[in-house]
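> So you can see what is in the structure, the chains are spelled out below.
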Amino acid sequence: MFKYALDLVFRRKLRTFLTSLGILIAVVLMSFILFGMSDLETLIVGQFSKQFKPNELYVGTQNFTSMMGSMATAPSKEKEVEDKVEVITEDILNDVKNVDGVESVEPMIVINGVDLYLEGDDVAYPVAYPAGTNFNGDSHIYKELLSGDDLILDKGEAYVSSFVAEFYDLSYEDIIGKNVVLKSVTPGNVFSFASKSMMNKEYRFKVVGVVDTSNDVLFVNLEDSLGIVVDLGGYEDAQDYIKTAGYYQLVVSTDIEKTSDIETLLTEDMKLSVISTKTLTGFVSMLTDSLTLALILFGAISALVASIGIINTMIMSIYEQTKEIGIIKAIGASNFQVMIIFLIQSAIIGLIGGVLGLGFTYLVMKVSDPFIVTLLSDQGFTTDAFFHFRFDYSLYITLASIFVGILAGLYPAYKASRLDPVKALRYE
Amino acid sequence: MKNYIEINNLRREYRPSKKVLVEALKGVNITIDEGEMISIVGSSGSGKSTLLNILGGLDWDYTGDIVVEGKNIKEYNENYYRRFIVGTIFQQFYLVPTLNVEENILLPLKFSRGMEKSVIKERLEKLLDAVGLQDRRKHMPKELSGGQAQRVAIARALIDSPKIVLADEPTGNLDSKTGESILNLLIDLNKEEKITTIVVTHDMKIAEKTQRIITLKDGLNV
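Chains as they are written, first to last, in our numbering: chain A, 55 to 482; chain B, 147 to 368.
Careful, some of the hints might be misleading.
[To be verified] Which residues of chain A face chain B? A partial, calculated answer using Cβ under 7 Å:
no., residue
1, Met55
2, Tyr58
3, Gly336
4, Ile381
5, Ala384
6, Ile385
7, Ser388
8, Pro475
9, Val476
10, Arg480
Quick caveat, the hints were computed from the structure, so don't treat them as lab data.
Even glycine gets a Cβ: it sits at the ideal position worked out from N, Cα and C.
Looking at chain A on its own, in the form it has when it is part of the complex (with noise of 0.2 Å):
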């Protein structure tokens, strides 16, 4: 009985080939958001432990955690503001500190409202923000020193991320001992706003390392940052800048056994805004596994269009094949057989559409794995492979194929099943 429905979907092959394009459509998609999305997801986290550890809280003020915070939720005028401290006071520094289980707390500055050059070069690089920190070359917020040994930031020096090397067109080697300039981005014209401590400020740091933190550019110690935002913002020294405006973030070591206690003690008792490694990752959990679903989605609705195909080409087949049906009834075919037979062939178109759409999608992958993994490692993620192609879940994939062929294929094949076997006969 196999054979002779194997027959029957072989006899109309290019038919068939059509209907399960419908199928191999949403093979593909499934497939790559099967192999492709657990592999971002995985290469995101993993790109994230290598640079936040789970002992780490990263503490900030409202400001800080906005960003994250509008992703979640919309803003209202009307919800309540939340009563979280506003300035990382040295204070707060000192209260953190004093906190049961923290091991060190590292306060870091950003520095605003500065463009980036290459001394010599006229060129800014875009979108900068430089930060002040005292932590060491070998620390793992820089990823990895890529060049240089110069362990300790010293006044003066500073370490700049290899996309800063590369857009200059140096290697990481060659950077090294070069000077670059920070300067204000508002010169002191007609229709500049800035105030006047902000006009044609230039601040110039030599390279002492290159560091593997993508968007991170710029990094100087924190004495030099904090002199710089004193000077461009006005301010009348480090304690003033640091009482009025604060720290930017404080970076918080943490026993790791206390970690969420302390985590839970600094946002409800201090009022502080902390984003957890725990937090990140879980939020780039959220995003991946929206988008997974979101994609889910579509490949749902080509499946359901994929099954209308099918149901289609059988209905078809059952016009075209009622003689037969009736020829095949004539000679002794129960209605369950005949059913069978038709449930059969669309389990066929089903696999058939699973085997090619995963064959497409295995070659898709190879050929565009390593353009991915260029453009990932452009982007800062390094990895070997993107695409994982999984065997088990190219089981699951073909089971799930021929579920929606047999799926699709159940209203015909009743429908061929319940056909007078006298009219059938005598049907042109």
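Starting from the structure of chain A, add chain B where the hints point.
Below, chain B without anything else, positioned relative to chain A:
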């Protein structure tokens, strides 16, 4: 066995529309002995095909009784009856175009179980010999003449060793010479296999070659 098939007061009505009632069979009574070869003749609309469809187990909406081997056919499983009690030969042959001669003959076995491979092979060889198609066994239906195609259909009808063979205008699509050879084949098989054979035809020359002629007129046997 005397009265191997008993058809008693067989009636069949159709209602092509609400207002129209067609009485295809109005109370047919026929008895056929085991191994007998009879022909049913009649003009178009006399009820021949209706009677054959009922005897072939394709149409069960009748009143009256049909008894085969002492058992009312309504007591049989519908598919079992079509598989093992009757074998039908059609005027248009109805071969499956993508199956070769051998596969077409074996097609009924795809819907039944239990026959051993060696028995199947033996039966196939015997039938291929009987219908004279040993050298055509791998040919496709489109490579066969009308007479050869009908021989394949006869072999297919006999593969399950049915007890009754029903032939609906078996020579209707063939020239007179080929038609005669097909009828002779049916006569030979009837003698050899002792299968009760019912031939429906409108051709009196064909009918006269069978042991008995039953004439249907306006839904009644006369």
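> Would you mind marking each hint as holding or not holding in the structure?
Hint by hint, here is what the structure shows:
The closest approach between the C-beta of Met55/A and any C-beta of chain B is roughly 5 Å, which is under the 7 Å cut-off, so the hint is satisfied. Interface hint status for Tyr58/A: upheld, as the beta-carbon distance to the closest one in chain B is roughly 6 Å, under 7 Å. The interface hint given for Gly336/A is violated, since its Cβ lies 58 Å from the closest Cβ of chain B, which is over the 7 Å cut-off. Because the closest C-beta pair between Ile381/A and chain B is about 4 Å apart, less than 7 Å, the hint holds.
Against a cut-off of 7 Å between C-beta atoms, the interface hint on Ala384/A holds, since the closest Cβ of chain B lies about 6 Å away. With its C-beta approaching chain B no nearer than about 4 Å, Ile385/A sits inside the 7 Å limit, and its interface hint holds. Interface restraint check for Ser388/A: the shortest CB-CB distance to chain B comes to about 4 Å, inside 7 Å, so the restraint holds. Because the beta carbon of Pro475/A sits about 5 Å from the nearest beta carbon in chain B, less than 7 Å, this interface hint is met.
With a cut of 7 Å, the hint placing Val476/A at the interface with chain B holds, because the nearest CB-to-CB distance is about 5 Å. The criterion of a C-beta within 7 Å of any C-beta in chain B is not met by Arg480/A, whose closest approach is roughly 9 Å, and the hint is violated.
Going down the numbered hints, you'll see the structure goes against 3 and 10, while the others check out.
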